[in-house]
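Dock chain B against the given chain A, drawing on the hints supplied.
Residue numbers (our numbering), protein chains in the order written: chain A, 299 to 412; chain B, 219 to 327.
Just so you know, not all the hints are guaranteed correct.
Here are the simulated lysine-lysine pairs, BS3-like style, with alpha carbons at most 25 Å apart [stated by the list, open to error]:
1. A:K338 / B:K244
2. A:K307 / A:K336
3. A:K339 / B:K314
4. A:K316 / A:K336
Just so you know, the hints here were simulated from the structure itself, not pulled from any lab data.
Just so it is clear, the structure is predicted and the values come from calculations on it, not from any experiment.
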Amino acid sequence: DTEVTQTPKHLVMGMTNKKSLKCEQHMGHRAMYWYKQKAKKPPELMFVYSYEKLSINESVPSRFSPECPNSSLLNLHLHALQPEDSALYLCATMTAQESNTEAFFGQGTRLTVV
Amino acid sequence: SQQGEEDPQALSIQEGENATMNCSYKTSINNLQWYRQNSGRGLVHLILIRSNEREKHSGRLRVTLDTSKKSSSLLITASRAADTASYFCATGHDYKLSFGAGTTVTVRA
Numbered sequence: 299d300t301e302v303t304q305t306p307k308h309l310v311m312g313m314t315n316k317k318s319l320k321c322e323q324h325m326g327h328r329a330m331y332w333y334k335q336k337a338k339k340p341p342e343l344m345f346v347y348s349y350e351k352l353s354i355n356e357s358v359p360s361r362f363s364p365e366c367p368n369s370s371l372l373n374l375h376l377h378a379l380q381p382e383d384s385a386l387y388l389c390a391t392m393t394a395q396e397s398n399t400e401a402f403f404g405q406g407t408r409l410t411v412v
Numbered sequence: 219s220q221q222g223e224e225d226p227q228a229l230s231i232q233e234g235e236n237a238t239m240n241c242s243y244k245t246s247i248n249n250l251q252w253y254r255q256n257s258g259r260g261l262v263h264l265i266l267i268r269s270n271e272r273e274k275h276s277g278r279l280r281v282t283l284d285t286s287k288k289s290s291s292l293l294i295t296a297s298r299a300a301d302t303a304s305y306f307c308a309t310g311h312d313y314k315l316s317f318g319a320g321t322t323v324t325v326r327a
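Isolated chain B (complex conformation):
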């Protein structure tokens, strides 16, 4: 079942710019994860942030989590053409991993 909303639904940016996408969720969570999917293939795990963490970094990725607002954001800095993909947030609740609607990011060269 779909956990929540992501916005924007689609994002088009120039190479080198930053991309920010947001995720809202409905239930209490143990952690929130972000995944990338290229062209309808398998999903690749990017980063996991636990419910007691507020911010996490991994390379060019920065994730924030606000449990009071039930929301998270993913920032990709200095984007590259290879970052073109769909990005999904996912939450673990009741031993299920449920995905948000996703943001499609296009990075123009």
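Pulled out of the complex, with its shape left as it was, chain A reads as follows:
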């Protein structure tokens, strides 16, 4: 199974809402990533989890809160977002952070903040 599953595929939320994005993998990969991608731009790294511990936070605002409850799941909790946070949010996994091998991406969650 080489799939990374992200839910939901689409999400519309108000600026006062709290929502969560989910990412699941069963490849036994120990590095999991959140990326944000705006239209016609490359993915930008947000967070990296390595062996279920937060390894990298790219100075992401606290209204984005990541969580890795176990080695198969990665969540991104959203609260009090701004319209400019509307983007495609991509989850990716890698064998291990230090392996520097290919990353497997989910299909993304298209988020719209109204």
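Relative to chain A, chain B alone:
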């Protein structure tokens, strides 16, 4: 953070022609990877070239790497309509995978 530049930003070719795109990067690397993205969906890994390799082939893909110039190129031969997508180079450095700006390729039937 964006690692470097890709050129051209956009490329339109006829089916059957070759497509070449280039990537430049800024830092030392362990490897350089190329990904494809269709219509704002997930990225798909195409090929990885290690820093001690100069050229690599996979099917209709040919990748070169010049570490002295900090640049790489991706050649897609005999393009097909299904190759229409955005192509990104990505480099691994400091345990991060960082992407270039991308090249949008349109293959006309």
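Q.
Does K336 (chain A) sit within 25 Å of K316 (chain A), going by the straight-line distance between their CA atoms?
A. Holds - the C-alpha atoms of K336 (chain A) and K316 (chain A) are around 21 Å apart, at most 25 Å.
Q. Has the given pair, K307 (chain A) with K336 (chain A), been kept, meaning a C-alpha gap of at most 25 Å?
A. holds (16 Å)
(Q) Check whether the Cα positions of K339 (chain A) and K314 (chain B) lie no farther apart than 25 Å. (A) Given pair K339 (chain A), K314 (chain B) holds - Cα atoms ~18 Å apart, limit 25 Å.
Q. Is the Cα-Cα distance between K338 (chain A) and K244 (chain B) 25 Å or less?
A. holds (21 Å)
Hint check: no violations occur; every hint is consistent with the structure.
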